[in-house]
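Q: Spelled out, the chains give:
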Amino acid sequence: MNKQSIAIMLLGNAQANSSRTALQYVRAALQQKHTINCIFFYHDAVHLASTYPICPQDELNLADEWQTLISQHQLPAVACIASALKRGVISSTEAKRHSKEANNLHPSIELAGLGTWLEALTHCHQHIVFA
Amino acid sequence: MNCLFILRQSPYQGSLAREALDMALAFAAFDEHVQLLFLEDGVFQLLKNQDSDGLRIKNMEKSLAATGIYDINDIYVGADCLTMRGLSTDTLTIAAQAVEQEEIQQLIARADKVVSL
Amino acid sequence: MQLHIISHSPYKNTTFTQALATATANDKLLLVDEGVYALTGVYKQQIQAHPTACFAIKEHLVLRGLPLDENAAELINFDTFVRLSLDAQHCLSWY
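Residue numbers (the working numbering), protein chains in the order written: chain P, 1 to 131; chain U, 1 to 117; chain A, 1 to 95.
Chain P with its partners taken away, still in its complex shape (with noise of 0.2 angstroms):
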């Protein structure tokens, strides 16, 4: 099969069953090597996007297994900004915007619109919702 560009919505939080799914498809289709275009986070996925998650040895911190795959593949990867504010993702600009002490947005995950999930539509191959 051609290299195909993908590009990946994910609405689900990190405890929910999608965002692990997602996460094993863009990780078998880099390995098909295709291309993923977009990796938007959206709804509470935005969640993943979050430094603070602290799990248990012996359970997956799927926040950390999102950017620690973004990180390495330099996959570009976006968190609504919209969604991430009302839910405590915030970055450092955003921080200091509010009066927030603290910021906790993964550096490799930009906070942005969602005329960065149709561009990213508007050229891929194929798109996905996990939910």
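Since the hints were derived computationally from the structure, they do not count as laboratory data.
Relax, there's no trap hidden among the hints.
With a straight-line cut-off of 25 angstroms between C-alpha atoms, the simulated PhoX-like cross-links for lysine-lysine are:
#1 K44(A) to K28(A)
#2 K62(U) to K86(P)
#3 K28(A) to K113(U)
#4 K58(A) to K28(A)
#5 K113(U) to K3(P)
#6 K58(A) to K12(A)
#7 K86(P) to K100(P)
#8 K58(U) to K48(U)
#9 K96(P) to K86(P)
#10 K28(A) to K3(P)
#11 K33(P) to K58(A)
#12 K86(P) to K58(U)
#13 K28(A) to K33(P)
#14 K113(U) to K33(P)
#15 K48(U) to K62(U)
#16 K58(A) to K44(A)
Simulated DEER-style distance windows between Cβ atoms:
#17 D51(U) to L66(A): 44 to 52 angstroms
#18 A29(U) to L68(A): 44 to 52 angstroms
#19 A29(U) to Q72(P): 32 to 40 angstroms
Cβ coordinates follow ideal geometry from the N, Cα and C atoms, glycine included.
On the provided structure of chain P, position chains U and A as indicated by the hints.
A: Then chains U and A, alone, in the frame of chain P:
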């Protein structure tokens, strides 16, 4: 690009219905051709007389009125989903065309992108 | 060909029924996560009676202690999931 949004969430169960509509409106604002297809409990978004006064919850009925302003005119609703819920297109807050399963399949096949939320 | 990805249990809500009604004979169904419970009881019979080809992620059945019965669905891994998704015109998520 012709984008079909399949909207299946009831209006006030958390924020997913709201975030789905936000996406559709954003696409329309970027001049994409947007079509909306309401299925399952999504048809409840189209009820008239939704009243959120004093609750500090965004009123879905008012938000749906924006579809006209954004030039979203292709609005469809699953005929079976309406009937099952004792509703008809006469009782909806915006003009929507009831579609049977075959028409739904055709809408999907004709779209450039389908976003199911 | 559309790929209908069903990720929630059919016993929970009507989404499975809606997905099956929307799927044509040319389409494919893919059961993932809680969606694999559709390979039980009355829903398994509905799948077998439906003209659409059905697939399921094998490890999701194994996790839940469900029998690996290939009569109702072809059991696949994530490599095949990727291939199925790229063969489809659209991937529709039903949840």
